[in-house]
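*Asks:* Model the full assembly from the supplied sequences, consistent with the hints where possible.
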Amino acid sequence: MKKIIAVLVGATALWAFSLSSELTPEEIIKKVDENMVSENRVTQSSMTIKGKRKNRVLTSKSWTIGSNQSFTEYLSPAREKGTKMLKLKEELWIYSPASDRTMRISGHMMRQSVMGSDLSYEDMMEDRELLEMYTAKLLGQEEIDGRKVFSLELNAKVDDVAYPKRKSWIDAERFVPLKEELFAKSGKLLKRVTMSNVKEVQGRWYPTKMIYKDMLKDGEGTMMEIISIQFNQEIPDYIFTKAALKK
Amino acid sequence: MIKFLIKGVIRDSTRSKFPIAIVAIGVFFTIFLSAFIGGVLQDAVEVNARFTTGHVKVSTLAFAENSTQAPLDLALLGMDSIKSGLQNEYPKMMWVPRVSFGGLLDVPDENGETKGQGPCTGMAADLLNTENGELERMNINKTIVEGRAPEKRGEALVSEKFAQKMKLKPGDVVTYFGSTMYGSMCFQNFTICGTISFGQQMLDKGGLIIDISDAQQMLDMEDGSTELLGYFEGGQYLDDEAMKIAQEFNARSTDSTDEFSSVMIPLKKQNQLEGLLNTSESMSEIMVGIFVLAMSIVLWNVGLLGGLRRYKEFGVRLALGEAKGKIYRSLLVEATVIGVVGSVFGVILGLAAAIPLQIYGMDVSEMVPSSNMMMPSVYRAAVTPSTVFMGFIPGIIAMVLGQALAGYGIYKRDTARLFKELEV
Numbered sequence: 001m002k003k004i005i006a007v008l009v010g011a012t013a014l015w016a017f018s019l020s021s022e023l024t025p026e027e028i029i030k031k032v033d034e035n036m037v038s039e040n041r042v043t044q045s046s047m048t049i050k051g052k053r054k055n056r057v058l059t060s061k062s063w064t065i066g067s068n069q070s071f072t073e074y075l076s077p078a079r080e081k082g083t084k085m086l087k088l089k090e091e092l093w094i095y096s097p098a099s100d101r102t103m104r105i106s107g108h109m110m111r112q113s114v115m116g117s118d119l120s121y122e123d124m125m126e127d128r129e130l131l132e133m134y135t136a137k138l139l140g141q142e143e144i145d146g147r148k149v150f151s152l153e154l155n156a157k158v159d160d161v162a163y164p165k166r167k168s169w170i171d172a173e174r175f176v177p178l179k180e181e182l183f184a185k186s187g188k189l190l191k192r193v194t195m196s197n198v199k200e201v202q203g204r205w206y207p208t209k210m211i212y213k214d215m216l217k218d219g220e221g222t223m224m225e226i227i228s229i230q231f232n233q234e235i236p237d238y239i240f241t242k243a244a245l246k247k
Numbered sequence: 248m249i250k251f252l253i254k255g256v257i258r259d260s261t262r263s264k265f266p267i268a269i270v271a272i273g274v275f276f277t278i279f280l281s282a283f284i285g286g287v288l289q290d291a292v293e294v295n296a297r298f299t300t301g302h303v304k305v306s307t308l309a310f311a312e313n314s315t316q317a318p319l320d321l322a323l324l325g326m327d328s329i330k331s332g333l334q335n336e337y338p339k340m341m342w343v344p345r346v347s348f349g350g351l352l353d354v355p356d357e358n359g360e361t362k363g364q365g366p367c368t369g370m371a372a373d374l375l376n377t378e379n380g381e382l383e384r385m386n387i388n389k390t391i392v393e394g395r396a397p398e399k400r401g402e403a404l405v406s407e408k409f410a411q412k413m414k415l416k417p418g419d420v421v422t423y424f425g426s427t428m429y430g431s432m433c434f435q436n437f438t439i440c441g442t443i444s445f446g447q448q449m450l451d452k453g454g455l456i457i458d459i460s461d462a463q464q465m466l467d468m469e470d471g472s473t474e475l476l477g478y479f480e481g482g483q484y485l486d487d488e489a490m491k492i493a494q495e496f497n498a499r500s501t502d503s504t505d506e507f508s509s510v511m512i513p514l515k516k517q518n519q520l521e522g523l524l525n526t527s528e529s530m531s532e533i534m535v536g537i538f539v540l541a542m543s544i545v546l547w548n549v550g551l552l553g554g555l556r557r558y559k560e561f562g563v564r565l566a567l568g569e570a571k572g573k574i575y576r577s578l579l580v581e582a583t584v585i586g587v588v589g590s591v592f593g594v595i596l597g598l599a600a601a602i603p604l605q606i607y608g609m610d611v612s613e614m615v616p617s618s619n620m621m622m623p624s625v626y627r628a629a630v631t632p633s634t635v636f637m638g639f640i641p642g643i644i645a646m647v648l649g650q651a652l653a654g655y656g657i658y659k660r661d662t663a664r665l666f667k668e669l670e671v
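Residue numbers (our numbering), protein chains in the order written: chain A, 1 to 247; chain B, 248 to 671.
There's no promise every hint is true.
As the list claims (entries may be wrong) - Restricting the straight-line Cα-Cα distance to at most 25 Å, the calculated cross-link-like pairs of lysine-lysine (BS3-like) are:
#	chain 1	residue 1	chain 2	residue 2
1	A	K52	B	K330
2	A	K89	A	K185
3	B	K516	B	K573
4	A	K246	A	K167
5	B	K452	A	K247
6	B	K362	A	K84
7	B	K339	B	K362
8	B	K362	A	K89
9	B	K362	A	K246
10	B	K362	A	K242
FYI, nobody ran anything at the bench for these hints, they're computed from the structure. It should be emphasised that the depicted structure is a prediction, and the values quoted were computed from it without experimental measurement.
*Replies:* Written out as structure tokens, the structure reads:
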């Protein structure tokens, strides 16, 4: 009996994988978008930044609608507590309680590191569908940490993307990226991201641990962990106003 | 005899006019160029010493290796104990901490939102302590255009150019926005207490000067600084002494396996200043060498032409029994007189050109290329007694040398040929 069950389970997995392997690259990234992109989301996360002298852990809460509206409030440590960021389309505003000032960050700053981490403001706030930004090419199938993955090459089809080229390793069963390499237009590798702790949240798979490594910087990288994430919530409009920064 | 020769030189203007003009031009160029080049190099070294290099600089090993980026995360911590150790060991030197940083300076509108923003190069020094001479060293009081130096925490000086661009005046509040030494964002409001024009392009563009205690708190750098600068008593850079102190310090403090161990670097080894100092030291010799060589060749030719013109005069004097050596010596005395007169004119012209350049300077701020070596944006000449001697003495030497070479022909004429030439 046990043997029959084992054979059935094996056959089902093989069938599922063979079905997924028949997907076109566009269908694969569409499935990834279905997991990763939502109408809106509320996230609480921690960011561990490994520094040369000491590591820092920052916690924050973010409200995001699509790729144009995002509001983040830092909750800890004490030095950062109360610092808020508001992104409205291309504009980024920062409120600092220490100076009680709301400051606009100019466009070129969007590529700067956030809080000394390996993430840029663009990385933090990018929430567009891959299918809208890239054309995909299937390079093959591999295995990462015992999971079958599709290896894809994504090339930008629009100009306003942070990374003109990506290589993504997509979990063949759950359709979430497990590893990504982000390239500049010149082909230079800029960042490497590894994702793990994939969890099912509100019917979609989502990686809750991400390690970003800026390849142009020394250091061991930045670990981002999702403490809680909720998709498609009721988010009041006032959150995405400059008045909310001072509240 | 000398009186007679001088009379001859004065009365026979063809014998003196051209050589005097040549010597005067040569002396003028030597004095003017050496004052100008010496002044610029001296200012460059001084600007670097006052603002960035000190006479010696202590930082972490990693900071020293990446000093062009001024990385705050590699700052020197435990600075007070390093400073007091150095103060005890080298009591005649002044040790002052500095913090270099960079970020954005944000100007608020009436609602406290961004009205304008610009990149800013910041420098923090111990300005509230009046005993360490930092205000004088950085020439702050003399370069204040409006307002005054910081007198309490939370006050800042901004560059006059930035203030004009952003329409700022003393009493206005600006916000510095940058990163702490650990990479966090930092925001700090400062009340502008004055505007300043450093005469240094890098600082004049977006300079912010604050007290070190404000910088340490703002940049999360408790008991830290990016650099600890040491200055010799009297403000003069002493290369041998600086090298010796640096060697002693590094032998006991630097650990090549620990990037945060401290290292001391003398001025000469920073910001490509070694080449500048070496050039500055050899500039006098180079200028004098070129001058004496070039002028001697010109004056030799002038002497030869003069000798040809006075061919008959020498012949008659020889025929009358005057010794060759005596004629030769009289030529040298004449040359000395011409050399002195020409050099005096040259010195007057050289000083007339160099002194205004020393006082008013020449603004080259648009032409100075950006580099980690601080170059003054106003070039000034430096006239010193040695500058005058550097032109005056070689002026005489060149004239005498030229005449000595030209007059040597006198010894080559034998009596038979002489009488034939004179058609006696």
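*Asks:* For which of the previously enumerated hints does the structure constitute a violation, in increasing order of number?
*Replies:* 3, 4, 5, 7
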